[in-house]
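Heads up: the sequence lines are chains P and R, in that order.
The opening position of the first sequence corresponds to residue 195 in my numbering, with each subsequent residue numbered one higher.
The opening position of the second sequence corresponds to residue 13 in my numbering, with each subsequent residue numbered one higher.
Source of the hints: derived by calculation from the structure; they are not laboratory data.
Incorrect hints may appear among the rest.
[Said to hold, decoys possible] Just some of the chain P residues that point at chain R, by a computed CB distance under 10 Å:
{"id": "1", "residue": "GLY276"}
{"id": "2", "residue": "VAL297"}
{"id": "3", "residue": "PHE298"}
{"id": "4", "residue": "SER305"}
[To be verified] Derived DSS-like pairs: lysine-lysine, alpha-carbon spacing no greater than 30 Å straight-line:
{"id": "5", "chain 1": "P", "residue 1": "LYS225", "chain 2": "P", "residue 2": "LYS245"}
{"id": "6", "chain 1": "R", "residue 1": "LYS76", "chain 2": "P", "residue 2": "LYS275"}
{"id": "7", "chain 1": "P", "residue 1": "LYS272", "chain 2": "R", "residue 2": "LYS139"}
[What the hints assert, rightly or not] Which stretches of chain R does chain P cover? Using the computed rule of at least three CB atoms under 8 Å from a CB of chain P, they are:
{"id": "8", "region": "86-94"}
{"id": "9", "region": "139-145"}
No residue lacks a Cβ here, since even glycine has one placed at the ideal position from N, Cα and C.
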Amino acid sequence: MMHRLFKPLILGAVLMTALGGGRISQAQAPKRITIVAKRFDFTPGDITLKKGEAVVLVLTSSDVDHGVKFKDLNLNIKVPKGKTTEFPFTPTKTGTFVGQCSVFCGSGHGSMKMTLHVTE
Amino acid sequence: MRVGLYLVIAAVGLLIMLVSGCKVSDPMKVEREVVEATKHRVTVGGKTDKNPLPFNAENLAAGKEAFGHYCIACHGLDGQNTGVPFADRMSPPLPSLASAEVQSYTDGQLKWVIDYGISPSGMPASKGTLSDDEIWSIVHYIRHLPPAGSLGEPEMYSH
């Protein structure tokens, strides 16, 4: 009697594990994009993302306080000197956007820029 | 016609230099008037350029912040030289940014002055040191300066 009850239960558990497991493996962790800010440029200075695809922007400063601001995307990430800031980001519109250092960092601050391309 | 005007201005400048030497002193009235007219009408460009940033609280705050990073050493927190110990000991003296002399520039001319500086004076060229958006936001701040003395003096002069 017990054996008859256990059999469908075990079968169900196996099925759930298989289906559920499949879902977990499909939901991959967001891609991490590392950007190093250093007087007076960003490395890389050019990145390409896909619209709707979640990423984590990892902004690291190797000298003084910096930031990167994409005015058209309403995005402004700041990073203290020598630290790293992680910022989850999902682009919602396509285009080419220019980011500008958003924390005054010295004589080349105004020309410290990077480009973000968002494609379909 | 314009070449003639430049020659007259150069001659007046040379004469003033010869009379006053290189010692810092208050400019004579005629010197001040000639230089002001020249800057406003001839040498400072950007006269018809318009500020692309709308005037709003956000851009005004951005202008105040950018001004606070870079301009306060000479112009004070309020743009009116409050607490700047050498403001009236330069030649030409540092103008208050609230003065008619400065406010009579167009927005485009103010941007041009910040971009390229003014020679001969202590005003540096800041293109590349500040971004275009920061400079345009500073123009908004210059147009809406707080009352003189209301922000105190720059911290660097308090130590």
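Checked hints:
no.: 1; hint: GLY276; in the structure: 20 Å, violated
no.: 2; hint: VAL297; in the structure: 9 Å, holds
no.: 3; hint: PHE298; in the structure: 4 Å, holds
no.: 4; hint: SER305; in the structure: 5 Å, holds
no.: 5; hint: P:LYS225 / P:LYS245; in the structure: 13 Å, holds
no.: 6; hint: R:LYS76 / P:LYS275; in the structure: 23 Å, holds
no.: 7; hint: P:LYS272 / R:LYS139; in the structure: 23 Å, holds
no.: 8; hint: 86-94; in the structure: violated (count 0)
no.: 9; hint: 139-145; in the structure: holds (count 7)
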